Amino acid sequence: MHAAYPLLLGALLFAIGLYGVLARRNAITVLMAIELLLNAVTINLVAFGSLIRDRYNVGQVFTLFIITIAAAETGLGLAIVLMIFRQRGSADIDAQRLLAEPLRGPTDETEPSVRPSAATGVESGAAR
Amino acid sequence: MTATHSYLSPAGVEIAFVLIGLVVLGSALLVVTVQNLVHAALWLVVCLGAIAGEYLLLGAELVAWVQVLIYVGAIVVLLLFGLVLTRAPIGPTDELDVKHRLPGLIVALAAAGVLVTVLVDAYRNTWIEPRAAVAQGTAAANGTALFKYWVLPFETLSVLLLAALVGAIVISRRSTESEADD
Chain W
54 MHAAYPLLLG ALLFAIGLYG VLARRNAITV LMAIELLLNA VTINLVAFGS
104 LIRDRYNVGQ VFTLFIITIA AAETGLGLAI VLMIFRQRGS ADIDAQRLLA
154 EPLRGPTDET EPSVRPSAAT GVESGAAR
Chain D
32 MTATHSYLSP AGVEIAFVLI GLVVLGSALL VVTVQNLVHA ALWLVVCLGA
82 IAGEYLLLGA ELVAWVQVLI YVGAIVVLLL FGLVLTRAPI GPTDELDVKH
132 RLPGLIVALA AAGVLVTVLV DAYRNTWIEP RAAVAQGTAA ANGTALFKYW
182 VLPFETLSVL LLAALVGAIV ISRRSTESEA DD
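Top to bottom, those sequences are chains W and D. Converting from the first sequence to our numbering requires adding 53 to each position, the first position being numbered 1. Converting from the second sequence to our numbering requires adding 31 to each position, the first position being numbered 1.
No wet-lab data here; the hints were simulated from the structure. There's no promise every hint is true.
What the hints assert, rightly or not - Heads up, simulated EDC-like pairs for lysine to aspartate or glutamate below, C-alpha to C-alpha not over 20 Å straight-line:
(1) D:K179 / W:D147
(2) D:K130 / W:D147
(3) D:K130 / W:D145
(4) D:K130 / W:E154
To be verified - Covered stretches of chain D (in silico footprint by chain W; criterion: 3 or more residues with CB under 8 Å from a CB of chain W, positions within the stretch not fixed):
(5) 50-63
(6) 76-86
(7) 91-100
(8) 109-122
(9) 145-153
(10) 166-173
(11) 192-203
As the list claims (entries may be wrong) - Only some residues are given here: those of chain D computed to face chain W with a beta carbon under 8 Å:
(12) A72
(13) G104
(14) I159
All values reported here derive from a predicted model rather than from experimental measurement. Even for Gly, the Cβ is constructed at its ideal location relative to N, Cα and C.
Construct all of the structure, not just a fragment, from the sequences and the given hints.
See below:
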């Protein structure tokens, strides 16, 4: 088999996953796109593993490691998404702006006055 | 062996690889573009299952079954649980995407262009022998390599998995009003 086939598949799948991470707003769809990115990497690992065929079997062993890490990452990521949803009632990523830069620059009058009250509201809700 | 390789007469395994690869790419595109959240998760099943088929064609048998077991069996179910628990919109909705998708499209196309150019240029004359890799993909060969050369990363990974799952339980535990007072 020509080596370009699996490598091109991995590259295109990586690009699709990158688009998904950047263009999706719901946190769970972003997690799905991250799975696509990880799978693009593992396709590359398996392809190079069967290209090199060393005695350490590094391509396939690392693929198993990455699949395990992906399971841990998904579980933890979903727990965090669930906690954010419980505290704020939304799992949209671009609605989580507490740590973000101001939308219209520091000269904006309305945003800074709104955001501290929203922040204290969330904190008091969490402490209650 | 190299003399028998030809661009114009692809082997059967290459034709199968390209066909399954089209399934992978098409379902991956649907995962990131479809407007129904549950459908996106189900297209992810198709995508990951087809990738398991690609692993089989590359001679990685154990990895293919682990992919089916863990990705299709566990991770997609976990994602569906997440969809249900965050009360995600079940029907089609236009709230899944950000407002400005053009920068993401530009970044993805640039990444695809750079990667395809570099990979095609670098591996133009490289050939994989999947038949020779079959002996390395069995459970026996993988287990031998894992416990002969990779014992320490394997055990570290088990501790990492335990820590991640304990952390997930602690984070997602519903703290009621009475518990918060303690």
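Structure-based check of each hint:
no.	hint	in the structure
1	D:K179 / W:D147	violated, 46 Å
2	D:K130 / W:D147	holds, 10 Å
3	D:K130 / W:D145	holds, 12 Å
4	D:K130 / W:E154	holds, 18 Å
5	50-63	holds (count 7)
6	76-86	holds (count 5)
7	91-100	holds (count 5)
8	109-122	holds (count 9)
9	145-153	holds (count 4)
10	166-173	holds (count 4)
11	192-203	holds (count 8)
12	A72	holds, 7 Å
13	G104	violated, 10 Å
14	I159	holds, 5 Å
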